[in-house]
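**Q** Chain by chain, the residues run as shown.
Protein chains: 2
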Amino acid sequence: MGKSKADGMLDRLGLQVVGGKFQPGARLPTEEELVRRLGISRPSVREGMKALVRKGLVESRARRGTVVRAKECWDILDADVLRWVAAGPPDYAFLISLIELRSIMEPAAARLAAQRASPAQILAIERAFRGMVEALPQDIEACHRHDLAFHEGIFAASGNVMLYRFYTAIRTVLMTLFRASTEARESYERSLDEHGAVAAAIGRRNPESAESAMRQLLAGTVRDLEPAFHPRQSSGRKPKGGSKR
Amino acid sequence: MGKSKADGMLDRLGLQVVGGKFQPGARLPTEEELVRRLGISRPSVREGMKALVRKGLVESRARRGTVVRAKECWDILDADVLRWVAAGPPDYAFLISLIELRSIMEPAAARLAAQRASPAQILAIERAFRGMVEALPQDIEACHRHDLAFHEGIFAASGNVMLYRFYTAIRTVLMTLFRASTEARESYERSLDEHGAVAAAIGRRNPESAESAMRQLLAGTVRDLEPAFHPRQSSGRKPKGGSKR
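Just so you know, the sequences run in chain order A and B.
1 is the number of the first residue of the first sequence in our numbering; add one for each residue after it.
1 is the number of the first residue of the second sequence in our numbering; add one for each residue after it.
What the hints contain is simulated information worked out from the structure, not anything from laboratory work.
Careful: at least some of the hints might be erroneous.
Below, computed lysine to aspartate or glutamate pairings styled on DMTMM-like, alpha-carbon distance capped at 25 Å [what the hints assert, rightly or not]:
#	chain 1	residue 1	chain 2	residue 2
1	B	Lys50	A	Asp7
2	B	Lys5	A	Glu31
3	B	Lys71	A	Asp75
4	B	Lys21	B	Glu31
5	A	Lys71	B	Glu152
6	A	Lys5	B	Glu31
7	B	Lys5	B	Glu59
8	A	Lys71	B	Asp75
9	A	Lys50	A	Asp75
To spell it out: a stretch of chain B is covered by chain A in this simulated footprint if at least three of its residues, at any positions, have a beta carbon under 8 Å from a beta carbon of chain A; those stretches are [said to hold, decoys possible]:
#	region
10	64–76
11	103–112
12	158–169
Some chain A residues well away from chain B (every beta-carbon gap over 12 Å; in silico) [unchecked claim]:
#	residue
13	Lys71
14	Pro107
15	Gly131
16	Ser158
17	Thr168
18	Arg204
None of these values were measured; they are calculated from a predicted model.
Heads up, the beta-carbon is just placed ideally off N, CA and C, and yes, glycines get one too.
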């Protein structure tokens, strides 16, 4: 995690590209410039650049150097890219895509968890829920952590490695989403019952009610984010689709 | 794609790890051994190893060298890892996870496509469908290509960048799935109507029927794969969940 010089450079450039300092079509500094500016070796610069290419953020063009690619080419399920997105200024179109994807994946994960969770996995989900209850109202940050463990527990209990991998890819962004709720304390107080209903349905091994309880929980998430979204500034194509599915 | 020596080594080792030549817990050859055996430079070996670490396949352990990690740690949504899985001997548990994930993502993508597809995107989906019809019965490989374009078109038309990225991650594996159908020609003849129904529902902009037509199409995919699956050898936990959702 960000230990070598190449990783440090990668992080720095990745954040700048994703954060919009270099817009799609813009040219990145040359290898020579980066060696000089950042005081790191040429092989480290090359290694960092290769990683940016692999993640779909930039490409080499003949006689133009390294150029930022269109957003559609970015590997948006890559954990680094997601971390950079989460660290940058809020990107509403991206957040809406994420919420929409959660509204597709998580009710399905809850349904599968109700079918397949081991007793230990059910306990882990219930423990995370109790952790949320106990952290309120004083320790919002601890509540976020238990909230994350709650969702992780459900993905793990789904028994599908690809679904679980999706969770590990989005976990950093999920934390950002939790923090973006305009009034986290109130929103948690409203949503505790919704979390409890999901945990209870999984514990009763009722797939239908686990799925619908998760839909309700996510609809609440959208409701709590709405003030932060300035819906009038969005493209107007996506905002509602996600919460309704 | 696989041009440098480091990439070549990465591919070779990745295939061996994913294909089971090195089992979880096994130690990989040392840097020195790889330099000698593969005749490539130490920096190239190091770069390849770092990529394997990043993809979650291996980790460095003190005094033990580089060791293969448990399967749950692999970055199963990484395009290289998926390509290696697709190239190796069939991994039924993995294929079942993939089919299950498709049965979660694709009906949702079809529903969104019916709501959001541009006229050009609808044409692209219809063109891919006609390509499938025209390729049969003589050119199965061309039919696979149009089939892939059909699913790509639907993900693209969903208007969700993260859903589309999921498609680009699984496209190689999808091709393997198409080829794994025991009798591709018969299975296509049965499934053409199902593809046509999805395309028509998106063209009519009917989200409910697009979603349910896609569910039917995927149920057919599972039916055609079943003989290849030897269901009695599987863990008995997952086989049915996927097709029913």
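**Q** Decide, hint by hint, whether the structure agrees.
**A** Tested hints:
Taking the CA atoms of Lys50/B and Asp7/A, the gap is about 11 Å. The hint holds against a cut of 25 Å. The hinted pair formed by Lys5/B and Glu31/A meets the criterion: a straight-line CA distance of about 21 Å does not exceed 25 Å. Distance restraint check for Lys71/B and Asp75/A: the Cα-Cα separation of roughly 22 Å lies within the 25 Å cut-off, and the hinted pair is therefore satisfied. Annotation: proposed proximity of Lys21/B to Glu31/B holds, straight-line Cα distance about 18 Å (limit 25 Å).
Between Lys71/A and Glu152/B the alpha-carbon distance is near 17 Å, which keeps this suggested pair within the 25 Å criterion. Pair hint Lys5/A plus Glu31/B holds up; C-alpha atoms about 21 Å apart against a cutoff of 25 Å. Restraint check for Lys5/B and Glu59/B: satisfied, since their Cα atoms lie roughly 21 Å apart, inside the 25 Å limit. This hinted pair checks out: Lys71/A and Asp75/B have alpha carbons roughly 22 Å apart, not beyond 25 Å.
Restraint check for Lys50/A and Asp75/A: satisfied, since their Cα atoms lie roughly 14 Å apart, inside the 25 Å limit. Residue count for the region 64–76 of chain B with a Cβ under 8 Å from a Cβ of chain A: 4. That meets the three needed, and the coverage hint holds. Figure legend: the region 103–112 of chain B, annotated as covered by chain A; annotation consistent (5 residues with Cβ-Cβ distances under 8 Å, at least 3 required). Coverage of the region 158–169 of chain B by chain A holds [criterion: at least 3 residues with CB-CB distance below 8 Å; count 9].
Not every C-beta of chain B lies more than 12 Å from that of Lys71/A, the closest at about 7 Å, which undercuts listing it as non-interface. The Cβ of Pro107/A does not lie farther than 12 Å from every Cβ of chain B; its closest approach is about 9 Å, which violates its non-interface assignment. For Gly131/A, the condition that its CB be more than 12 Å from all CB atoms of chain B holds, with the nearest at approximately 23 Å. Non-interface status of Ser158/A relative to chain B is broken: a Cβ of that chain comes within 12 Å, the nearest being about 9 Å off.
For Thr168/A, the condition that its CB be more than 12 Å from all CB atoms of chain B is violated, with the nearest at approximately 8 Å. With a cut of 12 Å on Cβ distances, Arg204/A stays outside the contact zone with chain B, its closest approach being about 18 Å.
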